[in-house]
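Line order of the protein sequences matches chains A and B. Residues in the first sequence are numbered from 1 upward in steps of one, following the numbering used here. Residues in the second sequence are numbered from 1 upward in steps of one, following the numbering used here.
None of these hints come from the bench; they were simulated from the model. Some hints could be false.
Going by beta-carbon spacing under 8 Å, a handful of chain B positions derived as facing chain A [said to hold, decoys possible]:
id, residue
1, 147
2, 221
3, 246
4, 260
5, 431
From the three backbone atoms N, C-alpha and C, an ideal C-beta is built for every residue, glycine too.
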Amino acid sequence: MLRYLGSRLGQSLLLLIIVSFIGFAVLNLAPGGPLSQFALSPGMTQEQLDKIAAQMGLDRPLPVQYIEWFRHMIVGDWGASYRDGQPVLAVIGRHIFATLLLMGTATVISVTLGSTIGIFSALKRGSGFDYTMTVFAMIALSIPTFWFGLIAIYIFSLSLGWLPAGNMYTVGDGSALDYLRHLILPAMVLALVDVAIWSRYMRTSTLTVINQDFVRTARAKGLSRRRVLLRHIVGNSLVPMVTLAGLQLPTVLGGALVTETVFTWPGMGRLFLDSLGYSDYPVVMGLLMASAILVLVGNLAADLIVALIDPRIRLA
Amino acid sequence: MTDTTRTGHMNRRQALTLMGAAGLMGPAMIGRDRAFAANADPSGQIVLAFSQEPTVFNPLMPHIEVDEGVYYAVFDTLFDFDPEGALFPILATEVPTVANGGISEDGLSWRLKLKDGVTWHDGTPFTAEDVKFTLELTVDPDFRSFRSTGYSFMRNITVVSDTELTWEMSEPFAPMAAILASTYIIPKHAFDGVEDANTAPFNNAPIGTGPFRFKNRMAGDHIELEANGEYHMDGPFLKTLIIKYVPDLNVLYTQFKSGDIDVVGMQYITPDHLAEAETLPNKVVTVAGTATFESLGLNMMRPQFQDPAVRKALYAALDKTSIIDALYYGVPTPTETYMPQQSYYYNDQLPQHEFDLEKAAALLDEAGWMPGADGVREKDGVRLEFTNSTTAGNHLREQAQQFIQQTFGAIGVKMEIKNFPPAVMWGDYWMNSEFDTVVVGLNTLAGADPDTSSFFMSSMSPARGGAGQNTFAYQSERVDELLVAGASSFVPEERKAIYEELQEVIREDLPFLPMFQYAVIKGRKDDVSGPASNVNNRIDTWNVRDWTRG
Chain A
1 MLRYLGSRLG
11 QSLLLLIIVS
21 FIGFAVLNLA
31 PGGPLSQFAL
41 SPGMTQEQLD
51 KIAAQMGLDR
61 PLPVQYIEWF
71 RHMIVGDWGA
81 SYRDGQPVLA
91 VIGRHIFATL
101 LLMGTATVIS
111 VTLGSTIGIF
121 SALKRGSGFD
131 YTMTVFAMIA
141 LSIPTFWFGL
151 IAIYIFSLSL
161 GWLPAGNMYT
171 VGDGSALDYL
181 RHLILPAMVL
191 ALVDVAIWSR
201 YMRTSTLTVI
211 NQDFVRTARA
221 KGLSRRRVLL
231 RHIVGNSLVP
241 MVTLAGLQLP
251 TVLGGALVTE
261 TVFTWPGMGR
271 LFLDSLGYSD
281 YPVVMGLLMA
291 SAILVLVGNL
301 AADLIVALID
311 PRIRLA
Chain B
1 MTDTTRTGHM
11 NRRQALTLMG
21 AAGLMGPAMI
31 GRDRAFAANA
41 DPSGQIVLAF
51 SQEPTVFNPL
61 MPHIEVDEGV
71 YYAVFDTLFD
81 FDPEGALFPI
91 LATEVPTVAN
101 GGISEDGLSW
111 RLKLKDGVTW
121 HDGTPFTAED
131 VKFTLELTVD
141 PDFRSFRSTG
151 YSFMRNITVV
161 SDTELTWEMS
171 EPFAPMAAIL
181 ASTYIIPKHA
191 FDGVEDANTA
201 PFNNAPIGTG
211 PFRFKNRMAG
221 DHIELEANGE
231 YHMDGPFLKT
241 LIIKYVPDLN
251 VLYTQFKSGD
261 IDVVGMQYIT
271 PDHLAEAETL
281 PNKVVTVAGT
291 ATFESLGLNM
301 MRPQFQDPAV
311 RKALYAALDK
321 TSIIDALYYG
331 VPTPTETYMP
341 QQSYYYNDQL
351 PQHEFDLEKA
361 AALLDEAGWM
371 PGADGVREKD
381 GVRLEFTNST
391 TAGNHLREQA
401 QQFIQQTFGA
411 IGVKMEIKNF
421 PPAVMWGDYW
431 MNSEFDTVVV
441 GLNTLAGADP
451 DTSSFFMSSM
461 SPARGGAGQN
471 TFAYQSERVD
481 ELLVAGASSF
491 VPEERKAIYE
501 ELQEVIREDL
511 PFLPMFQYAV
521 IKGRKDDVSG
531 PASNVNNRID
541 TWNVRDWTRG
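This is chain A alone, in the form it adopts within the complex:
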């Protein structure tokens, strides 16, 4: 087990270096750059732009910039945002709460609801319920989230006036109830799509398990339906879901770009979009590294958990 862990960690580190190199190269080789936003300012001169570039260290050769960045990155100094001069880790830290709140809520809803729907669809395969849920999943998966978002705002905020049209809280209020009211619409919109995904996976996984020998054996032993379902079917069909959950981790922490924009939610997705728009390289690199680390950690954690609960994997 330890050797397995060790080799996985080694691979991960190598991957991180490759990701950072490619990310850095792509960002910096793309034309334009962080200074172009000032080019149209009245009174701006090329001389002044060059001076600002020199001050920010942007005039140095790219390999030098990369090595410098990498040297600082490995000791935990991820640089400072070009836009507001704040350390990258602090910038990310300030957006993480908003993302965790929204994505966490949406994930809890979608996993619980999606798994339940998936299991029942599989058990009652071909029933009216199964068909309805299949159609629902297809609709949810094929319609873009921003459209759902706008429709939800139109119905629940503009027409009915029940819920706020956006933002994470009312400035000056900020009570738990206020957060909750603001959370409902975006969390629902996000959960809608994820429910569809989870229900489809869970349905397939459950169907595979139902047809396995051990389920038939359990039934043949005369166990109650309920006991077979809970002990043998649900437990086993959740195993592949662990891997899926591991892959979902970076998405959950990376935020939902579109939903965050539609609901003016100050999370990581929007931070990424903003930082790209302003060519704020240090923040973009920070987010890139953070999500790469999350992908690796998520995968590793999922593999380890699966290995713990499924001895066949450990032996391989």
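Could you slot chain B onto chain A? The hints should help.
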């Protein structure tokens, strides 16, 4: 189309006019201001929304337009432009002019008197040392300064007393007053003992003398400002000012409609929502001109644009009216020049554009540009074929390009559309004149000052080795002479004649084909008063000290 809501501003102007008439000068005026402040009882809150996020809080560092929305609330300038283009004092007791002795006849010696009794938000008294520090920091080679134009002419900045300072200019430079009007004064004491001004704590926790104190910022969401009870002018009348960041313009409008936003700031309501916005209950929606003009800019170094007949023909083949009416819902105003129509220096006698494809074709025929085998005109081996670029994703501009492409095609001119994301478009591609033609919105003025040397002076083209913003690479001896004459004159009447002629020459030369002067659609709740348009300032919070609620 002009804004009609300027109640708050007119009040103060009337008050100042009255004071002037009564002969109350200097200290008496401050006394009056402070009396107002003592009477002011700030109440209520306004949520003002921008579509970009303000992130740079040191006004001397490189920033974008939206950051100035915060500066006007937190900081003060020495004086500022009112909507008519006249300067009024803020931290200064009077605006220095040749008439009042603040500027010497030759424009080389300046003397500035400051208000007494003004304090910074942390209670420290404001003095002439702060002004000196601010002016010197702009040219400090170790400091990442936004701009040094104008400041670099200043010599021997001398603090005479706490409320007075003087300096010399290495050359007479009329736009200096306009540059000072956009120079927000920052506190010297916030930089005491700071090793690197680029990373001073002040840069994220600004201290100003302005009507509002910086309370806190929630990154990616909003900035909260609170009333400065010690403010030295009339106001503020709001307890809290929230500057909210809403990136999507549709969402911005939706939140204005649902009541989450009280005042829609930059980039305002989109033209496609105008008709509906005007019918919203309890909302005031106005259309106001801005100093930005849209044009089709030509790279004058390209051989096909060196023939004046080509430029004239292209202009005649530009269907301005259709672009304005069909794409922009008739919101912007057609223009023949770069100068805003609200400006004192605007030349209203320029020849009027006419969309006439026959005339355009005739012009090219006469000049010897004949259609080749594929219908594209050519002369001496040069084809009338070029690319046109603008920011990808700006759908109105992209549609305008298609209109232009069609009408140009009708006269045998081939235009290929080649767009880029903003960061690419306005990078080297624009600054080093790597484009053939562009569709661009430009504000070439510094406040109300008509000087545009940086954009039109021959020596200011980066592609020709200059350091300015003359990215059209335009060269005209007459324009150069006029720009030099205009920048060294301090008499508005004299300057008016100079800049009117300048506009004539440029309208004749057509280094860019002027399309329209931008107008924006502003919206606010009807219980908010104060927001007033000012074409001489970049952003609406220029008079936020006057804004009231209820």
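Worksheet item: Can you give the numbers of the hints that this structure goes against, from lowest to highest?
Response: none
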